[in-house]
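A.B. asks: Following the hints, position chain B with the ligands against chain A.
Each chain is listed here by its residues.
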Amino acid sequence: MNIETKSELPLYEVFIRSKNGLDHKHVGSLHASDAEMALTNARDVYTRRGEGVSIWVVKSTDIVASSPEDRGSFYEPSDDKLYRHPTFFELPDEVGHL
Amino acid sequence: MDVIDQEHDELETAFQAKVEAEQRIEPKDWMPEKYRQTLIRQMSQHAHSEIVGMLPEGNWLTRAPSLKRKTILMAKIQDEGGHGLYLYSATETLGISRDEMFEQLHSGKAKYSSIFNYPTLNWADIGAIGWLVDGAAITNQIALCRCSYGPYARAMIRICKEESFHQRQGYDIMMTMAQGTKEQREMAQDALNRWWWPTLMMFGPNDANSANSAQSMKWRIKRQSNDDLRQKFVDATVPQAEFLGLTIPDDKLAWNDVRGHYDFGEIDWEEFKAVVKGNGLCNRERLQARVDAHDGGKWVRDAALAYAAKKADRKAKAA
Ligand SMILES: [Fe+2]
Ligand SMILES: [Fe+2]
Chain A
0 MNIETKSELP LYEVFIRSKN GLDHKHVGSL HASDAEMALT NARDVYTRRG EGVSIWVVKS
60 TDIVASSPED RGSFYEPSDD KLYRHPTFFE LPDEVGHL
Chain B
0 MDVIDQEHDE LETAFQAKVE AEQRIEPKDW MPEKYRQTLI RQMSQHAHSE IVGMLPEGNW
60 LTRAPSLKRK TILMAKIQDE GGHGLYLYSA TETLGISRDE MFEQLHSGKA KYSSIFNYPT
120 LNWADIGAIG WLVDGAAITN QIALCRCSYG PYARAMIRIC KEESFHQRQG YDIMMTMAQG
180 TKEQREMAQD ALNRWWWPTL MMFGPNDANS ANSAQSMKWR IKRQSNDDLR QKFVDATVPQ
240 AEFLGLTIPD DKLAWNDVRG HYDFGEIDWE EFKAVVKGNG LCNRERLQAR VDAHDGGKWV
300 RDAALAYAAK KADRKAKAA
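Those sequence lines, one after another, are chains A and B. As numbered in numbering that gives the first Met the number 0, residues 0 to 97 make up the first sequence, in order. As numbered in numbering that gives the first Met the number 0, residues 0 to 318 make up the second sequence, in order.
Extracted from the complex, chain A is given alone in its bound form (with noise of 0.2 Å):
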């Protein structure tokens, strides 16, 4: 980000499954030399406790994310497409649980 830190190790989002069956869920980031250095810290950092059962490291500039600024016309295409809902059909009380 600032180029008077250059020196600094780069920065890598990390990601932990806590268990088998469940997503991986962002918990953080840290700074490593690479990436296996990244695992071993996030090892260290956010599994002090058995908190993970698989750990990914992402280095943080090669996240592309969408901003919130255009968050309406982004999500605008599902927005007008309320029929992708059940809730949008109407049934009537006879035909029960569907």
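Accuracy of the hints is not assured; some may be wrong.
[Claimed, not checked] In silico BS3-like pairs for lysine-lysine, Cα to Cα no more than 25 Å straight-line:
#, chain 1, residue 1, chain 2, residue 2
1, A, 58, A, 18
2, B, 27, B, 17
3, B, 314, A, 58
4, A, 58, A, 24
5, B, 309, A, 58
6, B, 110, B, 217
7, A, 18, B, 160
8, A, 58, B, 27
9, A, 24, B, 309
10, B, 251, B, 231
11, B, 160, A, 24
12, A, 58, B, 316
13, A, 58, B, 310
14, A, 58, B, 297
[Said to hold, decoys possible] Far from chain B, some chain A residues (derived; all Cβ distances over 12 Å):
#, residue
15, 7
16, 23
17, 35
18, 82
Simulated from the structure, these hints should not be mistaken for lab results. This one's a predicted model, so the numbers in the text were calculated from it and none came from an experiment. No residue lacks a Cβ here, since even glycine has one placed at the ideal position from N, Cα and C.
C.D. replies: Then chain B with the ligands, alone, in the frame of chain A:
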């Protein structure tokens, strides 16, 4: 009013409405510049406190009375390092780099909690720190779990989960000493005498003298006032001291039936100001230890970067 001002006002109104609706603010959302600056200051100071807080306890690692106490204390201190990292990581989402934060700490521009400028003179101090200092930190941190800034609130939740171990290990040391020999009981009492008032100072100035508090409350960075949190801590801690058979060093301390709280004496604010200003017993020593650790680790960071570059280079050539 020109268009830009008006647009800014609208953004600010929308921001305030969002905060009041208990919606969290996330890193890329629009926020008032002062909100960002307040958070950077508070969160980085909080991170620095976790890291500097490792030093007074580190002093007793090699002198802990048993292997069990040593390994427990080691794990506790390691947690504090982790807390620092969670908080630095959360602060970086506001657009300040880790190096800038270190630079602010090392140059003395950024503060850390004054409590860590007091010395740890004997083993009972480690008990008193866990019980009182971590106890006060938990009181503050629980309130911050509902802070309006998402990354800060999430870091706080993670930290609070780990803190109760810290307080219990401290109380466990105090219980052992309070039930021990006469000399051990005296050590425990002496530690309580020295740590009680500095611990109460951890909650900051009285509400009437806390200039930034009102704005922070409005932005829901702060959820409870300094005095409310301090009262909460005193109410919770007095019975714990009674159980230990130790006396809190405050002759004004008394249960107030009307208020439903303990009344307590006035903090020595002159001492508080002096320590914040840098004239505590250990200010210089603590800061020097941080600078030395950072400078001493430079060759490791440089070597790690060089190694990573060499590996990447080799991989590129092999491809
Ligand atoms: Fe902590
Ligand atoms: Fe702690």
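A.B. asks: Next step is simple, just say for each hint if it's right about the structure.
C.D. replies: Structure-based check of all given hints:
Using a Cα cut-off of 25 Å, the hinted pair residue 58 of chain A and residue 18 of chain A holds, with the two alpha carbons roughly 23 Å apart. The suggested pairing of residue 27 of chain B with residue 17 of chain B holds, with an alpha-carbon distance near 15 Å, which does not exceed 25 Å. Restraint check for residue 314 of chain B and residue 58 of chain A: satisfied, since their Cα atoms lie roughly 18 Å apart, inside the 25 Å limit. Restraint check for residue 58 of chain A and residue 24 of chain A: satisfied, since their Cα atoms lie roughly 15 Å apart, inside the 25 Å limit.
Our distance criterion of 25 Å between C-alpha atoms is met by residue 309 of chain B and residue 58 of chain A, whose separation comes to about 18 Å. Distance restraint check for residue 110 of chain B and residue 217 of chain B: the Cα-Cα separation of roughly 23 Å lies within the 25 Å cut-off, and the hinted pair is therefore satisfied. A distance of roughly 18 Å separates the Cα atoms of residue 18 of chain A and residue 160 of chain B; the hinted pair therefore holds under the 25 Å criterion. For the proposed pair residue 58 of chain A and residue 27 of chain B, the alpha carbon gap of about 18 Å is at most 25 Å, so the pair holds.
About 32 Å separates the Cα atoms of residue 24 of chain A and residue 309 of chain B, which puts this hinted pair outside 25 Å; it is violated. Among the hinted pairs, residue 251 of chain B with residue 231 of chain B is consistent with the structure: their alpha-carbon atoms are about 17 Å apart, no more than 25 Å. At most 25 Å may separate the alpha-carbon atoms for a hinted pair to count; residue 160 of chain B and residue 24 of chain A meet this at roughly 17 Å. Of the pairs offered as hints, the one joining residue 58 of chain A and residue 316 of chain B holds, with about 22 Å between alpha carbons and a cut-off of 25 Å not exceeded.
Annotation: proposed proximity of residue 58 of chain A to residue 310 of chain B holds, straight-line Cα distance about 17 Å (limit 25 Å). Proximity of residue 58 of chain A to residue 297 of chain B is assessed by CA-CA distance (about 22 Å); at most 25 Å being required, the pair is judged to hold. With a minimum CB-CB distance of about 5 Å to chain B, residue 7 of chain A fails to clear the 12 Å threshold, and the non-interface call is violated. Every beta carbon of chain B lies more than 12 Å from that of residue 23 of chain A, the smallest distance being close to 16 Å; the non-interface claim holds.
With a least beta-carbon separation of about 9 Å from chain B, residue 35 of chain A fails to lie farther than 12 Å from that chain, contradicting its non-interface assignment. The beta carbon of residue 82 of chain A is kept farther than 12 Å from every beta carbon of chain B, the shortest such distance being approximately 28 Å.
The structure shown violates the earlier hints numbered 9, 15 and 17.
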